[in-house]
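Asks: Here is what each chain is made of, one letter per residue.
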Amino acid sequence: MPQIEVRDVSLVYDTPSGRVTGVERASFSLEASEFLCLVGPSGCGKSTLLNIIAGFLTPTAGEILIGGKPVTGQGMDRGVVFQDFAQLFPWRTALGNVAFGLEMKGVSRAEREAIALKQLALVKLEKFARSYPHHLSGGMQQRVAIARALAYNPAVLLMDEPFAALDALTRDDMQRLLAEVWRETRKTVVYVTHNVAEAVFLADRVIVMTPHPGTVKTEVPVRLARPRDPLSVEFLDYQKRLLRELGQHAAAA
Amino acid sequence: MSPARLRSIRRTTVTLLVAAALYEAVARSGMFPAVLLPTLPKVATALASSLADGTMLHHAGATLYRVMLGFTLAIVTGIPLGILMARFRPIENFFLPLASALMPIPSLAWVPVFILWFGLGNAVSILVVFYAATFPILLNTWSGVRSVNPLWLRAAGAMGANEQALFWKVIIPGASPFIITGLRQGFLRAWIAVVGAEALAASDWGLGWVIFDAKEFLNADLMLASLVVIGAIGFVFERLVFGSLERTTVLRWGMVQAAKG
Chain W
1 MPQIEVRDVS LVYDTPSGRV TGVERASFSL EASEFLCLVG PSGCGKSTLL NIIAGFLTPT
61 AGEILIGGKP VTGQGMDRGV VFQDFAQLFP WRTALGNVAF GLEMKGVSRA EREAIALKQL
121 ALVKLEKFAR SYPHHLSGGM QQRVAIARAL AYNPAVLLMD EPFAALDALT RDDMQRLLAE
181 VWRETRKTVV YVTHNVAEAV FLADRVIVMT PHPGTVKTEV PVRLARPRDP LSVEFLDYQK
241 RLLRELGQHA AAA
Chain E
1 MSPARLRSIR RTTVTLLVAA ALYEAVARSG MFPAVLLPTL PKVATALASS LADGTMLHHA
61 GATLYRVMLG FTLAIVTGIP LGILMARFRP IENFFLPLAS ALMPIPSLAW VPVFILWFGL
121 GNAVSILVVF YAATFPILLN TWSGVRSVNP LWLRAAGAMG ANEQALFWKV IIPGASPFII
181 TGLRQGFLRA WIAVVGAEAL AASDWGLGWV IFDAKEFLNA DLMLASLVVI GAIGFVFERL
241 VFGSLERTTV LRWGMVQAAK G
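Quick note, the sequences are listed as chains W and E, same order.
Counting in the working numbering, the first sequence runs from 1 upward without gaps.
Counting in the working numbering, the second sequence runs from 1 upward without gaps.
Wrong hints could be hidden among the right ones.
[As the list claims (entries may be wrong)] Listed next, with one range per pair, are the computed distances between beta-carbon atoms:
| # | chain 1 | residue 1 | chain 2 | residue 2 | range |
| --- | --- | --- | --- | --- | --- |
| 1 | W | 86 | E | 2 | 27 to 37 Å |
| 2 | E | 8 | W | 164 | 35 to 45 Å |
| 3 | E | 106 | W | 86 | 46 to 56 Å |
| 4 | W | 183 | E | 254 | 25 to 35 Å |
| 5 | E | 254 | W | 60 | 36 to 46 Å |
| 6 | W | 227 | E | 90 | 22 to 32 Å |
| 7 | E | 241 | W | 86 | 57 to 67 Å |
| 8 | E | 240 | W | 164 | 42 to 52 Å |
| 9 | W | 76 | E | 112 | 38 to 48 Å |
| 10 | W | 12 | E | 243 | 50 to 60 Å |
Simulated from the structure, these hints should not be mistaken for lab results.
Model, not experiment: these values are computed from the prediction.
For glycine and all other residues, C-beta sits at the position ideal for the given N, C-alpha and C.
Using the sequences and the hints, build the whole thing.
Replies: Shown next, in the form of C-alpha cells:
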C-alpha cells in the first residue's frame with residue numbers, strides 16, 4: 001500500500017476576477033521512504049497541492065490518503081517546512097523551536113530537550129541550541145525548521161521550496177545535508193521546487209506540473225546512484241529532459 | 001556596567017543638570033516672587049523633610065496603590081478582550097465602535113461623574129486609572145494579534161497545537177511587541193490621569209492631592225517637590241520596569257530592534 005495517495009484532487013477558488021482552478025485532477029502516489037519532487041513554474045499549483053496534503057487547504061474534489069486514512073486537516077503524521085525563514089518562533093531558542101511539537105504531544109521537558117538536541121545534531125546545529133533565531137543565518141534557520149518538523153517523528157515530511165530564499169552556495173550545502181538527513185531518517189518526502197537541478201539532485205521521482213490550470217503533466221523517475229554528481233553527463237541529461245517537459249526548450253538547448 | 005549604559009546615564013544627567021541650571025537662573029533672577037518660584041535648594045529641602053517625616057512616601061504609596069489596582073484591572077480586561085476582538089469577528093463588531101466612542105473622552109472628564117456615583121475616595125481614582133489605561137492596552141493588543149505571522153499559526157497547527165496552546169504559546173508571545181507598547185502607553189496615561197483624579201477626588205493622601213492642598217497654603221516648594229516625585233516614579237516605571245521588560249523579551253528575541261548608536 002502506498003504511503004501517500006493523491007486521488008483526482010482539484011481545488012477551485014473564487015477570486016474577485018472569477019473562478020480560478022488552482023489544481024485540476026492531480027493524481028499520484030508515493031511509497032514509504034520515497035523522495036518525490038513537484039516541479040513547475042509559478043502558478044502551476046505545486047505549493048497549493050502541498051498545502052492540501054498538509055491539510056491547510058481542503059480540496060474541492062478528490063481526496064488524499066496517508067497510510068490509507070483520508071486527510072481531513074492538519075495532523076502530526078506530517079511535518080511541514082516552509083520557504084520563509086520567519087516560520088521559526090522568534091521568542092523560542094533553536095532548541096525551544098525544535099521541542100515545540102513534542103511539547104504539544106505532552107512529552108516531559110527533559111525527554112523533549114534530549115530528543116530536540118539529537119534532531120539539532122542531525123542538522124549539525126547542536127552548538128546553537130540556545131541561540132534565538134534572529135542570531136542564526138538563513139541557512140541555519142532553515143535547518144532548525146527541518147529539525148523542528150522531524151522532531152515529533154512524523155512519517156511524512158512536506159517541504160515548500162525550503163531553500164529558494166538562500167544564496168546558491170548555501171543552497172548546495174543544504175541540498176547535500178537534506179540528502180543525508182533523508183538517508184538517515186528514511187522519511188517519505190514531498191518537496192516542492194521550481195529548480196530543476198535541485199529536483200534531480202534530491203528526488204527518486206519528479207512530478208512535472210504545468211500551469212493554468214495546475215495539472216500533473218508527467219512523471220520522471222531519477223535513476224542515478226547517490227550521492228549524485230551534479231556535473232555528470234547523466235545528471236545534466238535529466239536536467240535537460242525536465243526542462244523539455246516544462247516546455248523550456250530554449251533553456252535546455 | 002557596560003560603557004553604552006554609562007554613556008546613556010551621562011547623557012541623561014547632562015540633560016537634567018542643564019534644565020535645573022536654567023530653572024535656578026530664572027528663580028534667582030527676581031522676575032517672579034520667590035514664594036511662587038522657589039529656588040532648587042528650597043524645593044530640595046521641602047522634598048527632604050517630607051521624605052524624612054514619611055508623609056511623601058505615604059502620599060506616593062497611596063497614589064501607587066490606586067494606579068496598580070486600576071492598571072491591573074486594565075490589563076486583565078484589555079489584553080483578553082483585545083485578543084478576542086482580533087480572533088472573533090462578532091466580538092470585534094461589538095466592541096470596536098464602543099472603544100472608538102469612549103476612547104476620545106478624556107479620563108478626567110469622568111471624575112465629576114464618578115464622584116457623583118461613588119463619592120470621594122479611592123474608587124474614583126482607581127476607575128479613572130482603569131479608564132485611562134484600558135484603551136491603549138486593548139487597541140495595541142488587538143493590532144498585535146492581527147499582525148501575528150500566519151506562518152507561526154500554521155507551523156504550530158501542523159505540530160499539533162490546540163486552541164489553548166495557540167493562545168498561550170503562539171498568539172501572546174507573537175503579539176508581545178504590541179502588547180508591551182500597549183502596557184507602556186497605558187501606564188503613562190494612567191499615571192497622568194491618577195494625579196488629576198486625586199486632585200479632584202482624593203482626600204488626605206496622594207501625590208495629586210498634595211499639590212492641590214499645598215496650593216491653599218502657597219507652599220510652592222512642596223508642590224514642586226511633589227512634581228519631582230511624580231516625575232521620578234514615572235521615569236522609574238518607563239525606564240526600569242518597561243525598559244527591562246522589553247530588554248528581556250522582544251529585544252532579546254529580535255522582534256524589535258534597539259536604536260543604533
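Asks: Next step is simple, just say for each hint if it's right about the structure.
Replies: How the hints compare with the structure:
Range check, residue 86 of chain W to residue 2 of chain E: Cβ separation about 30 Å, and the 27 to 37 Å hint holds. Checking the proposed 35 to 45 Å range against residue 8 of chain E and residue 164 of chain W shows it holds: the Cβ atoms sit about 42 Å from each other. For residue 106 of chain E and residue 86 of chain W, the hinted distance range of 46 to 56 Å is not satisfied, since their beta carbons lie about 40 Å from each other. A C-beta distance of roughly 34 Å is found between residue 183 of chain W and residue 254 of chain E, which places it inside the suggested range of 25 to 35 Å.
Restraint check, residue 254 of chain E to residue 60 of chain W: a C-beta distance of roughly 40 Å satisfies the suggested window 36 to 46 Å. Separated by about 57 Å at the C-beta atoms, residue 227 of chain W and residue 90 of chain E break the suggested range of 22 to 32 Å. Separated by about 30 Å at the C-beta atoms, residue 241 of chain E and residue 86 of chain W break the suggested range of 57 to 67 Å. Separated by about 45 Å at the C-beta atoms, residue 240 of chain E and residue 164 of chain W satisfy the suggested range of 42 to 52 Å.
Distance hint check: the CB atoms of residue 76 of chain W and residue 112 of chain E are about 59 Å apart, inconsistent with the given range 38 to 48 Å. Checked against the hint of 50 to 60 Å, the C-beta distance between residue 12 of chain W and residue 243 of chain E comes to roughly 53 Å, which is consistent with it.
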